[in-house]
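Please build the complete structure, drawing on both the sequences and the hints.
From first to last, the protein sequence lines stand for chains S and U.
Every letter in the first sequence is one number past the one before it in UniProt numbering, and letter 7, counting from 1, is 7.
Every letter in the second sequence is one number past the one before it in UniProt numbering, and letter 200, counting from 1, is 200.
None of these hints come from the bench; they were simulated from the model.
There may be inaccurate statements among the hints.
Lysine-lysine pairs mimicking DSBU-like chemistry, simulated, CA-CA at most 30 Å apart [to be verified]:
#1 S:K97 to U:K295
#2 U:K140 to U:K55
#3 S:K55 to U:K97
#4 U:K154 to S:K295
#5 S:K295 to S:K97
#6 U:K140 to U:K154
#7 S:K55 to S:K86
#8 S:K311 to S:K295
#9 S:K295 to U:K140
#10 S:K140 to S:K55
#11 S:K182 to U:K97
#12 S:K182 to S:K97
#13 U:K97 to U:K311
#14 U:K55 to U:K154
#15 U:K55 to U:K311
Please read these numbers as outputs of a predicted model, since none were measured by experiment.
So you can see what is in the structure, the chains are spelled out below.
Number of protein chains: 2
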Amino acid sequence: MAVYTEVTDEALTAFLERYEIGTLLAYRGIAEGVENSNYALKTTQGDFILTLYEKRVNPEDLPWFLGLMEHLAANGLTCPLPVRAKDGQNLNPLAGKIAAITTFLPGVWPRRVGIEHCEPLGAALAKLHLAGQGFAATRKNGLGPDAWGPLLAKCEGADSVQPGLAAELEGWLGQITAAWPKDLPVGHIHADLFPDNVFFLNGEISGLIDFYFACTDIYAYDVAICLNAWCFERDFSFNATKSRALLRGYMAHRELSAAEQAAMPVLAQGAAMRFLLTRLYDWLNTPAGALVTPKDPMDYYRRLRFHLAAKDASAYGL
Amino acid sequence: MAVYTEVTDEALTAFLERYEIGTLLAYRGIAEGVENSNYALKTTQGDFILTLYEKRVNPEDLPWFLGLMEHLAANGLTCPLPVRAKDGQNLNPLAGKIAAITTFLPGVWPRRVGIEHCEPLGAALAKLHLAGQGFAATRKNGLGPDAWGPLLAKCEGADSVQPGLAAELEGWLGQITAAWPKDLPVGHIHADLFPDNVFFLNGEISGLIDFYFACTDIYAYDVAICLNAWCFERDFSFNATKSRALLRGYMAHRELSAAEQAAMPVLAQGAAMRFLLTRLYDWLNTPAGALVTPKDPMDYYRRLRFHLAAKDASAYGL
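Structural data, given as structure tokens:
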């Protein structure tokens, strides 16, 4: 949890003068969130979220992220809508950072994923994929298969986490990238649709948030990320009832082709590898006393082993 | 900044069933705050603050704090009003802690104190003192003059902060407690009315918050705390224009007697000593990597030296 950049009342009041969303009533730093600084903002016109982009986000990507969110919202997806200033800009400087205001979405993310969450989640993911069609600009996945080798190379000291880990990961990485599918349907994907990015209200999804890993990549890879993020229990056992519900929800809105289905084990392996590697890097490189406690990379080692053992798509209920 | 206790959506939903404030729409941990865990809570009936009391607060004191807040609100002070559950309780268990819901107050605390803030602040402090009259129960100040000696004794390693600091503080402490006034008017005081506990809106005070240091003690001591908290510049110079404004605001609602005025230097010394000692203790005892970064105790050493040099109340513009 973190607010990296403090915003003064004077700076925020001046910032809000660029917009037509009323005057400041209250703002408070939000403890959740890892990558950026977020404030819950209340003005005379309602609730908003103020985000200050921190160093992990490439400023050149911001117009694409915000453009995608606008496109998705315009095409019926409930996601935060960037608010444009009077001059039309949706990114403006604040407290030495680039900042954006987005609409506030009511809803609560599920701290404990239940089976009942998985079908709506799958449906929302498919709707996201469909709603993104027509947004012409693309963004390469900076954490796709090309990035995994260099990332592993930067994980010096991996064997301190588990003896032999570096060599083991290198072996699996070669195997996964060699088998990586080349001709599956591609489009804009969320690429980080974990439970804390999905709001529910009265049993239905009320919004998807945090599009700052979104990119243009294989649709079914986004499904594989969700299988990792939503379908394992706390003891790392795979809950096939959850995966069936997730896939049923997805396929009610967007069919998965035979090729997409067949690729699901390797896509799920790749997704587990991606989160394992970024967590491993953070684990080995987060200074003691940092605001954010790194997450245990070995959670994804265990998921990866499940996917490596999956013979075919039937492991996921396909 | 900190949220020490995580609350699940399921636990919070069940908790809210005790109350008649609608159903959960959203909640987010608030990054500000040091002592307790606070969540911004939105229900179908509006905005609230959810507080989980952490280990620094004595649970036996909670009914007094909440009772005082209810009394103050009933007597016209704008402060958070504890919300009672259907059974009349305003304290209920949540996530292994004792928790309370209070009303949400719009407003923004001044990150940079200006002269224009000080007169309203003084007036609000006097109104708080007057509004507290009639609340019969009392609470001893756990961080009053009796507590300073034992607290200093627990600050092992004080000389690592500045050579000779322990002996210097011990000498001043003896001098301050010997001169401590005995017959000044007493009542319920806030005892921690720093800028981050005072909300402003359109140049006026919109609310006072955080009553978890409130106690029954010398009224003028509360004024002296505010002189420390509001009237020093960032370079630790004392701004007498601010103190005059603060005292003018206060005395417009509650006169300070000749004895109260005469005691202001020693009260201000005591107030500086109190914050110096608690900060020094935290500085020496906060483990590396704690969620909250301790504040530099020497900020109050410098304030204390100013007050020790004050010949009489004229130093504060009285």
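**OP:** Could you work out which earlier hints the structure fails to respect and list their numbers in ascending sequence?
**Re:** Hints 3, 4, 9, 11, 12, 13 and 15 not satisfied by this model.
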